[in-house]
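Asks: Taken in order, these protein sequences are the chains called G and E.
Letter by letter, the first sequence follows residues 1 to 511 in this note's numbering.
Letter by letter, the second sequence follows residues 1001 to 1329 in this note's numbering.
None of these hints come from the bench; they were simulated from the model.
Glycine included, C-beta positions come from ideal geometry on N, C-alpha and C.
Keep in mind that the hints are not guaranteed to be accurate.
Pulled a few chain G residues facing chain E out of the computed Cβ check, cut under 10 Å [said to hold, decoys possible]: (1) E77; (2) I87; (3) P90; (4) R478.
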Amino acid sequence: MSMSPLVQPLHIFRKDAIHLWPETLISVALLAAFGWAQVHTWVPQEGFNPASLGVGFLVVLLPVMWLVLMSRLVHDEELVGDRQFWITRPYTWYSLLLSKILYLFVFIGLPLIVMQMILLHHAGLYPMLVIPAVLKNLGMVAVIFLLPLLVIAAVTATFIRYISSALAGVIYLFIVFLIAGYNWGDSLGAPYVIYFISISLLLILLAALLIQYALRKTFIARIMLIALPLVFIVFALITPVNLFSAHRFPDVSVGKLTFVDDPNLHQAEGNVFSIEHKNLIQIPVHVELTGISDENFVVVERVHFTIDGPNGYHYNSDWIGDQYTFSNDVPNAILPVPMPTSVFDKIRNQPVAMHIELGTQTFRAGTPYTVTATEKPFPIPGHAICVVAPDTGVLECRFPYSNPDIVQVTATAHSGNCANPGPQQAQAGTLLQPSTLPVRFSPVDITNTTLKVGNTDVPLCPGTPATFRSAIAGEYGRIHLDISNITLDPYAFRVNPAAMHGPRQPPPPQQ
Amino acid sequence: MTAAIQTTELSKTYGLKGQTIALQPTTLSVPSGAIFALVGHNGAGKTTIIKLLMNILVPTSGSSTVLGQPSSSLTGAAFENIGYVSENQDLPTWMTVKQYLDYLAPFYPQWNLGDLATKLDLPLNRKLKHLSRGMLMKAALASVLAFSPQLIVMDEPFSGLDPLVRDELIEALVARTKATGATVLISSHDLAEIEAFATHIGFIHQGKFLFNEELSSLSARFREVTVTFAATVTPAAVAGAPALITDAVIALPANPPASWLPMEQVGSAIRFTHTQANTEDIQAQVAAAFPAATAVQVLPLNLRSIFLALAKSGRVPATPSEAATGGAR
């Protein structure tokens, strides 16, 4: 009986392990060194910490070692060419592919998981509580890093070609991404598009890998890889931005939006600023959002507007990317509304009716968790821990990965310092914002922050009760604003000296 | 007898417009149990046809079957019955001979190395990269013979080997294949090395299959014919001097029989190769073409001489197998 589909991958795996043990050992050792150095960056130290240099060095060296290991692993049964011994042996392509994936999992994935669990434990966090995040991070490492490298290794025959292809691929992808972002950033940033792009990239990579392993059609697999970055341009061109935006932001209002006729926004003499390559000018519109719940804040993600002018003139804009946050404390905002210069030139001095729609997402604060801040680690929501420095009152928190995204901290602040606390002051607050890197070697995200009253830093002293609330992403909605009889020219954003788009036009004669 | 290998108009070209022809459309049949020698010069297309049969290359047109299975589907378990040895194969040279054989063994249900390693005098603990070319081919052959395949395909296995090693390999190959009844397809540009054991011969030249035939039939068909004529004797002009003997002036026939390859004059003789000696009356043909002939000598040819004659003539001889199968193209 021939080898079963389960045994053959293990047999090839064993052969690879015997052959590649030096490279594998180095890879695991570098990972261990990274973990060791990472732990030492957490130790408070005056001046330069050499461990930080080590971490920086290893963050580069580790992927390079993985590149080498990947090349050696895949090229042991290379798929390019017609001289390999294995293609006339009873290898099954899926066993071969499975053996390589198994190898990467056992000697890159598992050590990474183990190292991250140890780091979490060392940081005082609870590894077993964040296993989904550990696995998600491993999945991201596999998809963003290992899969593309595996595919490139599969379509190349030598290490030199592999490295040069990987480098050229990164540069090529970066250039195409820049071009697409520069020209069609709004389309690429439209709702859902990131999912379509991600899935397309993943499917193309998987298809190229399977075609190469199953059929050894190197030419086709290479063409697929060359075409891969064009996904950005294709989606930039075909994405129905307005359809997706209308679907993402249902007509559910989260507050009342009013126009504030702010004389400060009437620009002084100067030239209207135009984003030349897009032929856009900006109209800063001062708005106020009321009716937001105390615990919520509203993030504006997209803007859409229509203009109705004299003689039946009508303009309907696309949904354009924007970013602004409203809260009960910050109800006012000056929204930069982008407008094509051709539209602006037609109606700049005429009274028009403007209808603005804001696509929003509401974030609400989670259940408050009050705990006494101490010098010893104390738990906060998101399986994180914090400590306060007794002398400075700085709050240091350690998050496992980036979960949750944002935590609001409030406490009653004292004047003075922690050694000599003064009388109690008003509520102080701050936001803890862990980084949002999609792939992480170190699973521990450390933030250092101080509470603020207004713009003033105040210490959070040990023994002070502090309240932590995570921000929970809520529903999407749409807010409408009607502005009637507005002449846009005075509002247009201008620069001085004259350079851009022509001087301010004289006001129209009063009717 | 069923065919272990059958090709139908199988061809391979390279370039966008197919301007480089590696193999012209070829129809070929290799009977089961045969030791088929694929013969031709370097670059004639031997390796191409073998790689097409082994599904290493994709044909431009045509089709082929190996052990009844389309070549294009040969993969995985199909190779449990097919052994392939090539001078150009990239082996895992980091392994020792023992590691290599041990690694391959579990892939084959019928693996039995037996005393092959001893017979071939393989240095089991030496790495493949440290083996001589001869030893490497021995190891490769052992790794194929060990699983007793129904078909053994060998691409120039003896190229550059010293005669002793070559004979060892041939001996091992013949011994095993006789025992198992395996079919062997072996390519070579050295006729002497395959003449001793091949049962069938296929000749390929510049991507074109000229013929394939049983070796016994080929040997029976080809003869070297030497026709001798009387020399011209001119008496000496000076008394006592020897007479001047000059070669006969021979008139070549305008339309020699089709079975005669081009003739050459050697002194007062004409020499040519006859390609249908087993079916045609040579003496009668010569008598009709050369009435002045004084003697006719007919000698058998070895394989090398047959191919030299064919190569010199550039002719595609009509063969019995062509008549039967529609011709090897």
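Asks: Taking the hints in turn, state whether each one holds.
Replies: Now for the hints, and whether the structure bears them out:
| no. | hint | result |
| --- | --- | --- |
| 1 | E77 | holds, 9 Å |
| 2 | I87 | holds, 6 Å |
| 3 | P90 | holds, 5 Å |
| 4 | R478 | violated, 55 Å |
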